[in-house]
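Visitor: Chain residues, written in single-letter form:
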Amino acid sequence: MKKKGNPFLYIGGALSAVMTALILLGYFWTPYDPTAMESKKFLPPSAEHLLGTDNFGRDIFSRVLEGAGTSFFIAVCVVLIGCVFGILIGSLCGYYGGLADLILTRICDSITAFPSILLALVIISVLGNGTYNIIIALGILFIPSFARIVRSEFARVRELNYIKSAKLMGVGTGRILFSHILPNTWPVLLSAITIGFNNAILSEASMSFLGLGIQPPEASLGSMLSDSQTYLKSAPWYALGTGCAIILLILGFSLLAEGLQRESKTV
Amino acid sequence: MMKKRILAVFLAAAALAGSLCACGGATNQAGASSDETTDSSGGSHANEITVGISQDLDNSLDPFVTNAAGTREVMFNVFEGLVKPDSQGNFVPAVASAVDVSGDGLTYSFTLREGVVFHNGSTCTMDDVLYSFETCAATSVYSNVVAALSAIVERNVEGNVLSFTLVEPNSDFLSAVSSVYILPKDYADQATQPVGTGPFKYVSRSVQENFILEKHEAYYGEGAKLDKVTYKIYEDSTALFNALDSGSLDLVAHLTMDQVNNLSNGYQVLEGTMNLVQAIYLNNAVAPFDNELVRQAMCYAVDVDAMLNLTADGHGTRLGSSMYPAFGKYFDETLAEAYPHDAEKAKALLAQAGYPDGFRFTIKVPSNYQPHVDTAVVLAEQLKQVGITAEIQLIDWNTWLEDVYGNRNFEGTVVGFDASVLSPTALLARWVSDSSKNMIGFRDEEYDEVYAQALVTVDDAEQTALFKRCLEILSEKAANVYTQDLADFVAVSPELKGFEFYPLYVIDMSKLYFE
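If you read the protein sequences in the order shown, they are chains Y and R. In case it helps, my numbering puts the first sequence at residues 1083 to 1349. In case it helps, my numbering puts the second sequence at residues 6 to 520.
Quick caveat, the hints were computed from the structure, so don't treat them as lab data. For clarity, every value in this text was computed on a predicted model and none was experimentally measured. Possibly wrong hints are sitting among the right ones.
[Stated by the list, open to error] Dumping the calculated DSBU-like pairs for lysine-lysine here, alpha-carbon to alpha-carbon at most 30 angstroms:
1) K502/R - K1315/Y
2) K237/R - K1315/Y
3) K389/R - K1123/Y
All chains, full assembly: derive it from the sequences and hints.
Guide: Following this line, the structure appears as structure tokens:
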């Protein structure tokens, strides 16, 4: 069979690479100070201000860079929390099974039974606003989805012969769990991570959009979109620039996830 | 097949991101459709209006307990005193039909009006009036009112004339009387079912949703022209604006310049002032704001003119102390210039105070007041120029009331204080050292002395001078970083007439009518 090209992977990879590069650039350099109120208010996009200026005369492009960076950072941390705890819980549950598995799986189920934004709002209202609290709130919400995937993979793989032989040979449990089984869950985990990453960016954007996310004057894509609403008519570039940044970021990683999934199937 | 999937993924991503913009997008559609409804309905709308407000009212509606300006703004339509303020700042007879002041300024005689009926149907009698004065003096949270009432040495009732004799003349006595709302005697449900004599009566409330008033048919005077006023509560300023822009509200006050510029539905926009003292209120009891030099440095660091330009296209009045221009003779406009913007001086003062590299602090801002949020964002940027990092923390209004105002658990906060009655004491009483409302913990012996002296001073000019001295002290000690009395933009639906600005933070619904 002739191996086909994988446009998802290429387009997604390229888009993600460009967005990631811009975000990384944003950590070190932005055309203007993202909080400086130096220019005129509501300048339309121009060579000086690529995406125009906002209601305080701040450069929107600089703020999009910074905001995307904030959103990106939050998403990475959220996925990391979800992934690490998800793997821990999922692997132990999947490998050992039994009563503990039953209880933990039910807890995960009950967490997923709530609409995620609602639960995040509850956690935020207990913890208070702020970047780190958002990370904690969303991180907790993301654990079950990872735990489930990892658990089912572990439950499947533990019955395979090579694991049985490894056990017979007296290999330690930790080694079986993390050097024998875990690498085999990688393809599934990878697509879960990319999808989770997208969801994390969107969740953060929704939270900030609702005014519960990061605090002004710090920027995130969601909070900028929320601010831009008022000026939709007089300064449409504010909402458009921010909205497009979200779309491109999500689209890149969605395509990448799809591409990776296909790649792992063809292999 | 492949192309379809690409398309599907793209659409899914666009839809996800697009769903976030949905609120903004919906504005346009809703705006378009509401234009149609206003056209088709012509002049045949019901004689009622919907007003958007940005905060829920206090839990208790008992007029002697309620504290928030937003509650008073609404309840002004429900309660009346023997006299009530008009839009010019005068006190006009209300439950009393006539007021007579003796030549020496010591005796006030109020003639009870015939046929004043409470919202519950009972007729207002002298017993109710006396009960109201006693209850107010015993329970009111407004210390300046209680102080004015406690200066009554003799109370006399002759037929339907009630007269008070004071220890000494008090030019603010009528303002205190105006806030002694007349309530039916021995009626215990004021907190949940308020009953007064005002042009509107309370109908119902739904917490965090709406608050409904209806015309009081048996009102003695001209009364309300509208049949019903529904206040809808939007605790998010963007949601409030979107509701207004979509045409579903007839009146919204306290809009920002930006919001006015983006309003599309042909509302009339009226400009007044909010009658609030907006400032960064600094907790004088905690470091580093217990240091006067730090507070002064903050004042120099803030450029109020630049702030007004950024947040309101230059609208708004600079204050400089706890007094706003509607108070006329008490307002001292020179205080606004006491701390001209000077970043170098600010840095020098900070260094002198032991903070050469600045410091960090948190500004708590009620998130439902966009003007305060905008102000805080600009302030944070300006303070950054002198090395002070201000972290903004948006909190909801109830948290603000409980945590910041109640527990004084804050470093800095941006809000506006209004005057409960038209008297300088309403703004100045709170900064006396042991006042329970002294949120910032301001302590200054001279202030306490001058204020106490002002209260007992008979001569009007002398008293005014003393109150002005109080304002100077607040400015000298840089009690807070005073910013502005915000420009108040009110959007009113085009057919609605009769809106009047008051020197107090109230909106008189009885004046409104449809053309």
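Visitor: Hint by hint, note whether the structure agrees.
Guide: These are the hints, each one checked on the structure:
{"no.": "1", "hint": "K502/R - K1315/Y", "result": "holds, 27 angstroms"}
{"no.": "2", "hint": "K237/R - K1315/Y", "result": "holds, 25 angstroms"}
{"no.": "3", "hint": "K389/R - K1123/Y", "result": "holds, 20 angstroms"}
The structure shown violates none of the earlier numbered hints.
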